Structures are given as structure tokens and as C-alpha cells.
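Undergrad: Make one complex out of these two single chains by using the hints.
Residue strings, one per chain:
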Amino acid sequence: MSPDDGDLFGTSIKATEQMKQLMVEYYIEAKTTKDKPICWITSGGPVEFLIAMDVIPVYPENHGAMCGASKIAPGLAEVSEEMGFSRDVCSYARLDIGAAVTEGGAIPGGLPRPDFLLCCNNICGTVVKWYEELARFFNVPMFLMDTPFIHTTKPEHATEYVRQQCLELIKFLEQQTKKEFTLEKFAEVALLSVQAVELWKGVLKTAESRPSPFTCFDAFIHMAPIVTLRGTSTVVDYYMLLKKEMEERVEQGIGAVAEEKYRLIWDNIPIWYAMRSLGNLFASNHACLVADTYTTAWAIDIKIDDPLTSMADAYTKVYLNIAIDIMLDQLIDLMERYQADGLVMHSNRSCKPYSLGQYDLARAVTERTGKPALIIEADMTDSRVYSEAQVRERVEAFIESLEGS
Amino acid sequence: MGGDALKKLLDMRQDPYAAARAYKERTGCKVMGFFCCLAPEEMIHAAGALPVRITGENRAVSKSGAHLQSYCCSLARTSLDMALDGELSFMDGTVFTHTCDTMMRLSDIWRLNAGFAVHGDVVLPVRFEGDLAREYAGKELSAFRHKMEEFLGPITDDALNSSIKLYNRNRRLLAELYALRRDDPSILPGDQALWLVTSSALMEKSEHNALLEEVLADLKSSSAPGNGKVRLFGIGSVMDQWDFLEMVEDIGATMVDDDFCNGRRYFDTEAPEGGDPIESIVARLWDRQACPCKHHEQRGRAACLADRVAEARAAGAVFWQFKFCEPHAFDYPYVKKALDAAGVPSIQLEIEQGSVSIEQLRTRVEALVETIRGS
Numbered sequence: 001m002s003p004d005d006g007d008l009f010g011t012s013i014k015a016t017e018q019m020k021q022l023m024v025e026y027y028i029e030a031k032t033t034k035d036k037p038i039c040w041i042t043s044g045g046p047v048e049f050l051i052a053m054d055v056i057p058v059y060p061e062n063h064g065a066m067c068g069a070s071k072i073a074p075g076l077a078e079v080s081e082e083m084g085f086s087r088d089v090c091s092y093a094r095l096d097i098g099a100a101v102t103e104g105g106a107i108p109g110g111l112p113r114p115d116f117l118l119c120c121n122n123i124c125g126t127v128v129k130w131y132e133e134l135a136r137f138f139n140v141p142m143f144l145m146d147t148p149f150i151h152t153t154k155p156e157h158a159t160e161y162v163r164q165q166c167l168e169l170i171k172f173l174e175q176q177t178k179k180e181f182t183l184e185k186f187a188e189v190a191l192l193s194v195q196a197v198e199l200w201k202g203v204l205k206t207a208e209s210r211p212s213p214f215t216c217f218d219a220f221i222h223m224a225p226i227v228t229l230r231g232t233s234t235v236v237d238y239y240m241l242l243k244k245e246m247e248e249r250v251e252q253g254i255g256a257v258a259e260e261k262y263r264l265i266w267d268n269i270p271i272w273y274a275m276r277s278l279g280n281l282f283a284s285n286h287a288c289l290v291a292d293t294y295t296t297a298w299a300i301d302i303k304i305d306d307p308l309t310s311m312a313d314a315y316t317k318v319y320l321n322i323a324i325d326i327m328l329d330q331l332i333d334l335m336e337r338y339q340a341d342g343l344v345m346h347s348n349r350s351c352k353p354y355s356l357g358q359y360d361l362a363r364a365v366t367e368r369t370g371k372p373a374l375i376i377e378a379d380m381t382d383s384r385v386y387s388e389a390q391v392r393e394r395v396e397a398f399i400e401s402l403e404g405s
Numbered sequence: 001m002g003g004d005a006l007k008k009l010l011d012m013r014q015d016p017y018a019a020a021r022a023y024k025e026r027t028g029c030k031v032m033g034f035f036c037c038l039a040p041e042e043m044i045h046a047a048g049a050l051p052v053r054i055t056g057e058n059r060a061v062s063k064s065g066a067h068l069q070s071y072c073c074s075l076a077r078t079s080l081d082m083a084l085d086g087e088l089s090f091m092d093g094t095v096f097t098h099t100c101d102t103m104m105r106l107s108d109i110w111r112l113n114a115g116f117a118v119h120g121d122v123v124l125p126v127r128f129e130g131d132l133a134r135e136y137a138g139k140e141l142s143a144f145r146h147k148m149e150e151f152l153g154p155i156t157d158d159a160l161n162s163s164i165k166l167y168n169r170n171r172r173l174l175a176e177l178y179a180l181r182r183d184d185p186s187i188l189p190g191d192q193a194l195w196l197v198t199s200s201a202l203m204e205k206s207e208h209n210a211l212l213e214e215v216l217a218d219l220k221s222s223s224a225p226g227n228g229k230v231r232l233f234g235i236g237s238v239m240d241q242w243d244f245l246e247m248v249e250d251i252g253a254t255m256v257d258d259d260f261c262n263g264r265r266y267f268d269t270e271a272p273e274g275g276d277p278i279e280s281i282v283a284r285l286w287d288r289q290a291c292p293c294k295h296h297e298q299r300g301r302a303a304c305l306a307d308r309v310a311e312a313r314a315a316g317a318v319f320w321q322f323k324f325c326e327p328h329a330f331d332y333p334y335v336k337k338a339l340d341a342a343g344v345p346s347i348q349l350e351i352e353q354g355s356v357s358i359e360q361l362r363t364r365v366e367a368l369v370e371t372i373r374g375s
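Chains as they are written, first to last, in the working numbering: chain A, 1 to 405; chain B, 1 to 375.
One thing to keep in mind: the hints can contain errors.
Stated by the list, open to error - With a straight-line Cα cutoff of 30 Å, these simulated DSSO-like cross-link-like pairs (lysine-lysine) come out:
{"id": "1", "chain 1": "A", "residue 1": "Lys205", "chain 2": "A", "residue 2": "Lys371"}
{"id": "2", "chain 1": "A", "residue 1": "Lys14", "chain 2": "A", "residue 2": "Lys71"}
{"id": "3", "chain 1": "A", "residue 1": "Lys243", "chain 2": "A", "residue 2": "Lys154"}
{"id": "4", "chain 1": "A", "residue 1": "Lys185", "chain 2": "A", "residue 2": "Lys243"}
{"id": "5", "chain 1": "A", "residue 1": "Lys36", "chain 2": "A", "residue 2": "Lys303"}
{"id": "6", "chain 1": "A", "residue 1": "Lys71", "chain 2": "B", "residue 2": "Lys323"}
{"id": "7", "chain 1": "A", "residue 1": "Lys303", "chain 2": "B", "residue 2": "Lys139"}
{"id": "8", "chain 1": "A", "residue 1": "Lys20", "chain 2": "A", "residue 2": "Lys244"}
{"id": "9", "chain 1": "B", "residue 1": "Lys139", "chain 2": "B", "residue 2": "Lys30"}
{"id": "10", "chain 1": "A", "residue 1": "Lys243", "chain 2": "A", "residue 2": "Lys261"}
{"id": "11", "chain 1": "A", "residue 1": "Lys36", "chain 2": "A", "residue 2": "Lys185"}
{"id": "12", "chain 1": "B", "residue 1": "Lys139", "chain 2": "A", "residue 2": "Lys317"}
{"id": "13", "chain 1": "B", "residue 1": "Lys147", "chain 2": "A", "residue 2": "Lys317"}
{"id": "14", "chain 1": "A", "residue 1": "Lys261", "chain 2": "A", "residue 2": "Lys201"}
{"id": "15", "chain 1": "B", "residue 1": "Lys205", "chain 2": "B", "residue 2": "Lys8"}
{"id": "16", "chain 1": "A", "residue 1": "Lys154", "chain 2": "B", "residue 2": "Lys139"}
{"id": "17", "chain 1": "B", "residue 1": "Lys147", "chain 2": "B", "residue 2": "Lys229"}
{"id": "18", "chain 1": "A", "residue 1": "Lys154", "chain 2": "B", "residue 2": "Lys30"}
{"id": "19", "chain 1": "A", "residue 1": "Lys154", "chain 2": "A", "residue 2": "Lys201"}
{"id": "20", "chain 1": "B", "residue 1": "Lys30", "chain 2": "B", "residue 2": "Lys63"}
{"id": "21", "chain 1": "A", "residue 1": "Lys201", "chain 2": "A", "residue 2": "Lys14"}
{"id": "22", "chain 1": "B", "residue 1": "Lys165", "chain 2": "B", "residue 2": "Lys30"}
{"id": "23", "chain 1": "A", "residue 1": "Lys171", "chain 2": "A", "residue 2": "Lys205"}
{"id": "24", "chain 1": "A", "residue 1": "Lys154", "chain 2": "B", "residue 2": "Lys147"}
{"id": "25", "chain 1": "B", "residue 1": "Lys63", "chain 2": "A", "residue 2": "Lys371"}
{"id": "26", "chain 1": "A", "residue 1": "Lys205", "chain 2": "A", "residue 2": "Lys243"}
{"id": "27", "chain 1": "B", "residue 1": "Lys139", "chain 2": "A", "residue 2": "Lys171"}
As the list claims (entries may be wrong) - Derived Cβ-Cβ restraints for the label pairs, each shown as a range:
{"id": "28", "chain 1": "B", "residue 1": "Pro272", "chain 2": "A", "residue 2": "Glu156", "range": "54 to 60 Å"}
{"id": "29", "chain 1": "B", "residue 1": "Gly374", "chain 2": "A", "residue 2": "Glu388", "range": "44 to 50 Å"}
{"id": "30", "chain 1": "A", "residue 1": "Gly253", "chain 2": "B", "residue 2": "Ser355", "range": "54 to 60 Å"}
{"id": "31", "chain 1": "B", "residue 1": "Gly343", "chain 2": "A", "residue 2": "Glu367", "range": "56 to 62 Å"}
{"id": "32", "chain 1": "A", "residue 1": "Leu191", "chain 2": "B", "residue 2": "Gly343", "range": "54 to 60 Å"}
{"id": "33", "chain 1": "A", "residue 1": "Leu241", "chain 2": "B", "residue 2": "Asn113", "range": "44 to 50 Å"}
I should point out that these hints are in silico values taken from the structure, not numbers from a laboratory. Since the model is a prediction, treat every value here as computed from it, not as a measurement. Using N, Cα and C, we set each Cβ at its ideal position, and we do this for glycine too.
This is chain B alone, in the form it adopts within the complex (with noise of 0.2 Å):
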């Protein structure tokens, strides 16, 4: 099932950073770490530079605790660790989104201490809803790009519009794997689909297009058995534990939606076409899936969590939850609840990158398979 293209991503896995420094090399062009799914890629990639998402990654961490408290995050430990290792150092610069507290602390930290030639913050709104915040977030926005300009060169609105373009194309793409997962999952095991998503963001997405298109060829072409799989829908910011992933499939179930922000958030959505590009990014941002870090009002994430986990027609939920981590500790109550009343189960992981111990989840994840399959 899904051939070269697929081996080809897959064996990204290893060393994920590996694409990003051979294209580097290949067509020395710039690299801008980012590190949230709100972050503006297109207008990275107008400028001709290779925008790569930052997650952290599962290290014991050492120089990073000079400068970030135990209470902090893994994702933020783990990332400025990085940093501070040199690991990061094929990347030129570094933009942070205004999300949660954390990250808005991490970015004075990181600005100061990370030694990038450029960094940049977009301070988006954290009203996700009205026309003042829609506004400011176009000024804001606009503000980014001149900064961007000055150290990339000209994002023309050609160059932006045709990279909306692209990036349409990719989310078009992964949106259509998740669809035919939604089918039938035994097409693809779940840590392998949420790969596909996630290595989209540390690839130039013109390649990872290419690749993408031979792997839903593939996908079609070969006739699944289909493997009755438990069907579970996974909630939280990142996913990337990806021994857990195969550990959930090895004892029977698999995830086939999700609402990770590697997952279904980094895809979901199309920005319009053809029209001012920076309002075409703001409508993107203002129509996709509700982040725990903004404000939605007038779509409450809980109702619209249970929708999707009932399109999914998963029979139970996993909350992955870095811990420390509180915009998506705050919603579980009543994300749960929600779920609760659909009567969907679920259980709430708490983990942190480094310290996952696959065997203490196991233990979990089949207790929630078990009562979905005694119901």
C-alpha cells in the first residue's frame, strides 16, 4: 500500500529535519522555523524561503532549563533545547504566532537567547470573530509581510496568491486522504496518515504535493481488506508520538480523525482564491476549526468537537494533553462533557515529550477499547 512516495515520507520519520537542510543545500534558499498551524506559510513561501514547523521532540532536556521553569510545557522546553544545541541552526529565522502564554513567553526568550539572523512575531487577535479583530488581523498580517520583505525579498501579491494557491492544493490533498480513511482506515494505519500531515509542514509543499498525489494513487489502487479497527478521534495540539500511534493500532483500534494541530487543523479549510491575498489568509484563519487559544463566541468547540467525532463516526475519543498546557486544559472539562452527552468515551492522556512511557498508555487505551466493545 502507497508505494515509493509513501517509503519516501515515511522514512522522514528518522530524521525529520533531513528534507528541509537537503533542500536548503539543493536550492539555497532561506529556512523560517514557525511553530504554530496560525502561522502564515504562504506569504514565507511568496518570498521563495522554505517555512519549517517547529514541535519539539521527545529529548531530556538541558540547556533549555536555564532559561524556561519545570511548569513550562515540553513543546516549548524541548524546542528552545534545540535551539540552543545547534540543532536548528539550518533554519535563518524563526516566526512565532501569538497563542497561548507560554509561546508568548517563549518568543522574548527565544528572540533573545536563540542567536537567529531574523525573528518575527505575528501578534493575530485573539478574537477569532467580529470585524474589528478581522481588521486588525489583515493590518497585522500586512505588518508581517513587510517585515518578511525586508529579509527575504518581495512577497508580491502574483507570488502570494499563487502560493495560497499550492497550499490549497495540499490541504485539498490530505483532506481527500482523511476522506478515504473516513471509508475505510485499513487503507493506511493512523500514525502513518498523521505523518503524511505533518511532514507537509517540514517539506516544500510543491514536492510534498507531488509525493502526496502518488501515495492517494496508490491508496485507491489497492484494494483494502478493511480490519474492523475500534474507531477513535484524537483531541489536542500535537501528536507526535508516533510508537504510541502503532501501539493504538497494534491493540485494534486506530485513530481516523483528529483535531491535533499536525492533524486535521493544519489542513482544514481552503483560503479563497483569486482575490487580495491577505484577505484571502484572514478568511482562512477566521473559517477553520476553533484552536482552544482564540475566541470563538459564536461556535463553541465542545458542539463542535462532538459534530466531527460523530462524522467520524469514531466510537471513542483520546484528549492527548501536554502537560502544562492550558488553553487545552481549560476546554477538557467541557469538551468532555459534550462528549459525554453524545455518549461517546473518552480518556485524557497527560504527557510530556521525553517522558512517554508507551506501556503506562497502553494500559489506558485498552481499557477504553474494552468499553467500547462491551457497548
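Chain A extracted, bound-state conformation (with noise of 0.2 Å):
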């Protein structure tokens, strides 16, 4: 996501350059607004509320990633480490609370100061931890839009329960910018939502051809407006751009990768920092990572005739929401339906519910596809902690043993 690591390898993607461009200028707005109040918003969060009410999101996740790509995360945790914070929690929190503190970060002079916070736990309990501080750094409100998780199947009065809280977050945004919520606005909002959430779904389609016309390296960077302004008309256009753009690819036959050989899935977060070494790496070896579990996981699906309840239930059945064996039967369609050779799970240190239960996926898909999966310890900004020739090492066993079979 940062502005430096589009383009990575192979034949560049032209959309890149205004996927760059409408982001400059969400955060130049979102830095120099007089009148739109600014909510910092964990990144599984309804964002479709904020829009339309007329408030900027910000993403502290997503800066967590350019911070990690332009790889100054470090520097940015110790800030926060040295207020207490052990160096075992979450590194995106761990470097946002630094950036807060010091004003500083991959954006000049800092993130824009928040007015209210929007948390929602469908991701992860780290963010309630993360943005309880953010509201006493900032001293602002924050609002929880608590997601009961999944572990077999969703009772009824929890999607009520998010339901009524959709209702609530309403009532806290018309409290906070002083205007009134219409639905006719909201209907409006939501349909541009699902119109971009379907062009994204047909982007990452274009992917099940052979060759891929992008890798999940490409996807990671221009995931980037999905998550962040989905509910506006701008994200609609990129996404259409972007999909013609990759249809044609597909049409004349140019891959991602030169010579694909190997088609990968890949699971978790991605690495911000090594992006740009592994996807050199897989692509070096004709190995093609077509499709992934995280990028896919912004393919909320709201039904306009019922926003509201689809809404809750959408929100509340995202991937990190839902119990490993849940997880388990999407992956095998990822698997399937993208005609994978093997798995790479990126094992990453900060982040919980997408790590622990990898171990005991890896051996599912393997038993159930028959396909091989590789596991990599690391963490998505932290580069403390990263090995990079033991994890090249790795990735070149697991690619000989992929020639093998």
C-alpha cells in the first residue's frame, strides 16, 4: 500500500498510477478538511455509515502498512514500547500508538487527529485494546460495534445484536456530527459499497485464469481503496478501470508471472516489509501467488433490500470471525476454484485469530487437496523479527518439493 511498492515485477500495472493517485488525494482531503470530522476505523469496520454521514475514515491499519512497507515500523514500535507496551502485542498497534505520540509516520506530519473512533472486533479483541487507548491518547469517543464470533453456527439473536447496534452507531454518528442519517443517502451509499465489492470480486477472479494477469503482492497494494472508501463513487471507476484492465490481460494471454509453472494461495496479513523480496523470490521461480484469504475478505455482501440485517450479518461472518474449520471450507474453494498448487501461511506473530489454528489447517488442506502447505514465521511489520535467508531457504524447499510431485 505504500506509494513505492506498486510494480513490483513482471509487466507493471497501468491502474497502479491512479490507484496512487486517489489515495493522495483521500489523504490529502482527509489531512486538510475544515468541515468533514475525521473517525479513525479498524479495517473490518461498516465504513458505509461513516460515508454517509459525511465523515472521513481513516485506517490505522492501512498506515500500519505503509509504515511497514517503507519499513520506518520499527522505529515507530520502540516509541510505543518504551511507554509500556510489550513488544508481544500487535505491531500495527504497537507502531499507530508511536505515530500518535511522535506525529509521525508514513504521512507528514501524521495521521489526522481523530474526532470519534469506530471499532469493530469482527477482526480481532486487539483492536478494542488498541483503539481503548487511542480514545484515551486522543480523549475522544469510541464506539465498539461488538461482532459475536462464529464458532459453528450464528444464532439468531446475534445478528440482532449487531443489528441494534447498526441502529445505535447511527444515533452515535448523528450525536457526533451533528446531522441527520437518511436512509435514502445510506440505500445510496450501499449500493455503490456492493458495486465496488463486486468489481472486486471480478478483479480477483481475472486471477483463475492461467496464466494470473497479477500475483496477491499486486492485490495487497490495490486492496488498498476497497477497504478504505467502499461507498463512494470514486472506488466504483478505479475498480471498473482496474478490472478492464486485467480482463484484457487475461484476453492477451499476459501472466503476472513470467513463465507461471506454480499457482500459490496465500494466507494472513502480508509481510509489508519483505513484499517486495518474496514476491521477487516466487516470481523468480515461476511460482504465481493467484489468490489469498485476506484480500478476499473484503467482499462484504449487503443486500440492498435489507441493508441494515445483511449488514449485521455480513459484518459479523467475515473470515477472522468464524472458526478454523469454518475457514477451512472457504480455503479449499480458494484451492479449488483457483486450481492451486500449494498453500503458503504466513505464521504471523502479531496477529492471533489469523495465526493460531494455521498449524491445524496446513495438515486440512493437505489431507483434503492433497496439496502442500508452507508455513512462514514472521510478522506483518515488525522486521525485528524476520529472517530473511531462512525464509528464502524455506520457500525454495517448498517450491522443489511442488516440482516433485
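TA: In C-alpha cells form, the structure reads like this:
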């Protein structure tokens, strides 16, 4: 997601320029706005409500990714470590708190100060603790959207609890913005969100082709708009453009990786600081990471005839809020749809809901598909725990094993 | 001090599950393991089953390494290891309550690998405030009740109400114990006091109540000399290092009160009696001391803890922190700041079950005690 990290290899994606422009404009508006409130929101949060209320959403996690990719994360994390935060807590949280305190980070002068916070725990419990700290530091109100975890089935009372919280969130936003929420505007935003999500799914689907027109490393970069600004028309325009370009690539047989030989699935948040080296490593071995469990997580399915109930349902069912055996079915589906030869899992010490269970998942995937899985131990932004030589060795051995199979 | 009942309870430390196994053998009841002090133990009890708490133990893990990464807390890793090694096979099922990300995933891994006949998840809200969350909590507890009924048999309102009473009795007795020690901690060493609470979750409640009553009667009738020990307050999740607490006593200090979930947080706040039992269980959840896994907008945990440290007349605090435990690690800087502001010195000890070095910790505690004595 860093402006420096586009165009990793192969034929560059032309739409990258537009994406960068879109994100730059978004951050400029967020930094310079005089009249729109700023809300910091978690990556799995229901941003549609903010867009409908003319609130500018700011994503510390997106910023965390930028800091990770531009390799400034450890320095920021050290600031919060000196404040007493353990090195074992999420590195996004550590670097974000460090950036808030120092007004530093990947955006000149730091992220724009929040007027209020929207925390949705459908991605982890960590965000609750992290946003509690932000609420104390900035002395601003925090809304917690509490989405009960799904272990086996989702009971009716869980959906109802989340739906009621959507109504409560509307009231909260009306208080904060002193504006009235209108269903018309919300339906408009929800429709744009659905359109963007459909287009994003369409983009991801083009990677089912052989050769794949892009890799998941490209998807990690091009996901920024769907995460941050879905519900706006600029995002719809952007994904139309990207989808068209990917479809053209498919028609012309242009692959992201020269002489694509192996197709792999990526699991977990990217290792942001190692994107380029990992991308090159896989590409030079003719291995293309065609899909991942991370960028597909933003395929939130909203039904226009009942947006609130369907949103409550969709936001509760996201990939990180379901049990590992339900995740497994989705993982197998990805493996099959993308005709993958193997699975690469990033065991991310910063993200327990994503990582604990991977050992079981890896075995189950191999058992059910006959395809091997590789587990890489790392951290999404804290490069201090990363051993490039070790990872290289393991990846090369893994690809060699694919050759033999 | 304390007499036979105390000795009987303290002997349990050698084999914490012996009492539960014996009870099962004697009564033929079902045993349900549970992890967190937010679990609705009364419901299991009301069904005629025995709820028994699992909090890991000091052991080097082997089998759980195939399921959990090394950056997962020792409580999860050692508990799973015990289950996979068959050491919990006297349990018929296990119950998880939604707390942290690690326990949430452990529940999945446990359900798929540990091989118990029944697996319960009580997905309590993370918001522990407001009508919406309260209503949801009630519905979730009712759903759990139905699930337990399928396996354990009927749980009537009457049975549930009498279990609530029995559990309240236990809470009152433990609160009395802590009150006695607050007045004079020399009546019982801190490690033994904490074990009296811990053992409550390891045996049938009416049996525990009977023993506690005896212990309390003995403690009240014996005249303790007072010992001038430095009063400390413990903060953390589970504290199960008895040799650590003994060492604290050895160096002239004692834990007079705590926020451990096998300590004060296990027994604080009684459930209202006589009304709808589900409402009563929820009411207690709502009124209890804040847990770092739950979101309390109105009740700042740091301020509450600073107040409680003052009430306990503790001169210092020990943060007992499981390595890789995010909820407690996130709260640490802010709680420490509140204690600093109140002039309460503290130390943070980061530990993993199975690799605790008492000697290293002794130096840290000694330094704290010296600071307090010197001031």
C-alpha cells in the first residue's frame, strides 16, 4: 500500500497510477478538511455509515501497512515499547500508538487527529484494546461494534444484537456530526459499496485464469481503496478500470509471473516490509500467488432490500470471525477455484486470530486436497523478528518439493 | 492456624484434580471443564454436573506444539497439552467463554482435537455495558443452558436458583477471608489464601463451603501475632505459582489483595437472588470488577484498581503478566500510570508457566520491597 511499492515485477499494472492518485487525494482531503469530521476505523468496520454521514474514515491499519512497507515500523513501535507496551502485542497497534504520540509515520505530520473512533471487533479482540488506548490518548469517544464470534452456527440473537448496534451507531454518528442520517443517502452508499465489492470480486476472479494476470502482492496494493473508501463512486470507477485492465491481460494471455508454473494461495496479512523480496523470490521460481485469504475478506455482501440486517450478517461472518473449520471450507474453495498447487501461510506473531489454528488448517488442507502447505514465521510490520535467509531457504525448498510432485 | 480443613485444602495443591476425580467416582456425575471465571458455573452445577476449572500448569509442552505457535500464551499451550496427553480425560466436556483472541482460537482447536463428548461456547458480549449487550448476554446464556440440557439433563429454574445461592455463599465466605486478611494478613500466608479461592473452582461448591466455614472459624479463633509484612497487591489473570507467593512471604511481604481471576475476580460480587436466574447471572457479570477482555466505557479499569489498591492499604503492586497475553499487556501502561499517580510503586513480572525462575523473580520483588521500606 506504500506509494513506493507498486509495480513489483513483470508487466506493471497501468491502473496503479490512478490508485496512487486516489489514495493521495484521499489522504490530502483527510489532512486538510475543515468541515468534515475524522473517524478512525478498524479495517473490518462498517465504513458505509461514515461515508453516508460525510465523515472521513481513517484506517490506522492501512497506515500500519504503509509504515511496514516503507520500513519505518520498528522505529515507531519502539516509541510505544518505551511507553510500556510489550513487544508481544500487535505491531500495528504498537506502531500506530508510536506514530500518534510522535505525530509521525508514513504521512507527513502524522495521520489526521480523530474526532471519534469506530472499532469493530470482527477482525480481532486486539482492536478493542488498541482503540481503548487511542480513546484515552486523544480523549475522544469510541463506538464499539461488537460482532459475536461464530464457532459453529450464528444464532439469530447475534445478528439481532449487531443489527441493533447499527441503529445505535447511527445515533452515535448523528450526535457526533450534528447531522441527520437519511436512509436515502445510506442506500445510495450501500449500493456503491455493493458495486465496488462486486467489481473487486471480479478483479480477484480474473486470477483464476492461467496465467494469472496479477499476483496477491499486487492485490495487497490494489485493495487499499476497497478497504478504505468503499461506498464512494471514485472507488467504483477505479475498480472498473482495474477490472478492465485485468480482463484485457487475460485476453492477451499476459501473466504476472513469467512462465507461470506453480499457482499458490497466500494466507494471512502480508509481510509488508518483505513484499518486494518475497514477490521476486516466488516470481523467479515461476510461482504465482494467485489468491489469498486477506484481500477476499473485503467481499462484504450487502443486500440492498434490507441493508441493515444484511450488513449485520455480513460483518459478523467475515473470515476472521469464524471458526477454523469454517475457514477451512473457504480455504479449500479458494484452492479449488484457483487451481492452486499449494498453500503459503504467514504465521504472523502480531495476529493471533489469523495465525493460531494455521497448523491445523495446513494439515487439513493437505489432507483434503493433497496439496502441500508452507508456514513462514514472521510479523506483518516488525522486521526485527524476520529472518530473510531462513524464509528464502524454506520457500526454495517448498518450490522444489512442488517440482517433485 | 486453620486446622484440618485447611490442611485438606492445601494438600490438593499436589494434585489439583484429585478431588474432582474422586467426586465423580463417588457420585457418577458428569464433569465439565471450563477456563474462565466468566463461565456460568452455576448452570453446570444446577444440572447436577461438576464444573472444574482448567488454567494450565507448569509443564514443558510437547503435543500442543503441533497446534499452537510459540507466541501463544502458556495457559493455552499447557492446557491443550494436558488435554492431548489425556490428563483431563475424567472430564466429559469443556466450556469456553469468549474472552481473548487466543482462547477464541483455542476453542476451535480444542473442539477439533481434544476429543471431549461435548463442547460449549458461551460467546459473551465484549461490551459489558448497555441494554443491547445485556439482552444479548441473556439470550446467549439461555442458548447455552439449552445446549447443556441436551447433554446434562434438565436445568430447572429452581435448581439454578439454589445453585446461585450456593455459589453466593461461597463468594461471601471468600470475601470474608479476604476481609480478615485485610485487617491482619498474618492470619494466613498469601499463597494459602489464594489457594483457598483457586480450590473453589476445583471441587463441588457445598463441599468447598463446608471446608471454608471450618477454616474461617479456626482463623477467627486463633490470635495472630501480626507480622509487619509489606502489603502488596497482585494484578493479572491467573496466578498459580505457589512457590512464588511463598517466596514473597519469605522476603517479608505478602499479597493482601489482588485482581487475579483465580483470586478476587473469581468471587467478587454476588448474584441477586430470587428473580429470574438468567437475569441474575447477567446482573453479576455486569456488576463485577472489570476484566481487561471486556469493554467498560464507563468504568475505567485503572481508576478502579488504584482505588482497590488504596482500600487494601497495599504499599506496592505486582503486575503478574503471562507472556503473549494481549489484554493485560495492553492495559499495563495505563494501569501503571494510575498507580504511579497514586504513589504506588510496582513491578511487572512477565512469566510463562513451565519456565518460571523464582530466583530471578526474587531479585525483582526484593527491589520493590526495599523501595517501599526505604520510602
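Undergrad: For each hint, tell me whether it holds in the structure or not.
TA: Hint by hint, here is what the structure shows:
1. Lys205/A to Lys371/A: Satisfied, since the Cα-Cα distance of roughly 21 Å is no more than 30 Å.
2. Lys14/A to Lys71/A: holds, 25 Å
3. Lys243/A to Lys154/A: Between Lys243/A and Lys154/A the Cα gap is close to 34 Å, so the pair fails against 30 Å, i.e. violated.
4. Lys185/A to Lys243/A: Since the Cα atoms of Lys185/A and Lys243/A sit roughly 27 Å apart, the hinted pair holds (cutoff 30 Å).
5. Lys36/A to Lys303/A: holds, 28 Å
6. Lys71/A to Lys323/B: This hinted pair holds, its Cα atoms lying about 26 Å apart.
7. Lys303/A to Lys139/B: Distance ~26 Å between Lys303/A and Lys139/B Cα, so the pair holds.
8. Lys20/A to Lys244/A: holds, 18 Å
9. Lys139/B to Lys30/B: holds, 25 Å
10. Lys243/A to Lys261/A: Cα-Cα ~24 Å, so holds.
11. Lys36/A to Lys185/A: Cα-Cα ~16 Å, so holds.
12. Lys139/B to Lys317/A: holds, 19 Å
13. Lys147/B to Lys317/A: Holds: Lys147/B and Lys317/A sit about 22 Å apart, inside 30 Å.
14. Lys261/A to Lys201/A: Given pair Lys261/A, Lys201/A holds - Cα atoms ~24 Å apart, limit 30 Å.
15. Lys205/B to Lys8/B: holds, 15 Å
16. Lys154/A to Lys139/B: holds, 13 Å
17. Lys147/B to Lys229/B: At roughly 49 Å apart (the allowed maximum being 30 Å), Lys229/B and Lys147/B break the hint.
18. Lys154/A to Lys30/B: holds, 27 Å
19. Lys154/A to Lys201/A: holds, 24 Å
20. Lys30/B to Lys63/B: holds, 26 Å
21. Lys201/A to Lys14/A: holds, 19 Å
22. Lys165/B to Lys30/B: holds, 21 Å
23. Lys171/A to Lys205/A: Violated, at about 38 Å.
24. Lys154/A to Lys147/B: Roughly 14 Å separates the two Cα atoms, so the pair holds.
25. Lys63/B to Lys371/A: At roughly 24 Å apart (the allowed maximum being 30 Å), Lys371/A and Lys63/B satisfy the hint.
26. Lys205/A to Lys243/A: Distance ~9 Å between Lys205/A and Lys243/A Cα, so the pair holds.
27. Lys139/B to Lys171/A: Given that 30 Å is the threshold and the Cα spacing comes to 24 Å, the pair holds.
28. Pro272/B to Glu156/A: 54 to 60 Å: Roughly 27 Å apart at Cβ, these two residues miss the hinted range, so it is violated.
29. Gly374/B to Glu388/A: 44 to 50 Å: holds, 49 Å
30. Gly253/A to Ser355/B: 54 to 60 Å: holds, 56 Å
31. Gly343/B to Glu367/A: 56 to 62 Å: holds, 59 Å
32. Leu191/A to Gly343/B: 54 to 60 Å: holds, 58 Å
33. Leu241/A to Asn113/B: 44 to 50 Å: holds, 47 Å
Violated hints, listed in ascending order, are 3, 17, 23, 28; each of the other numbered hints is respected by the structure.
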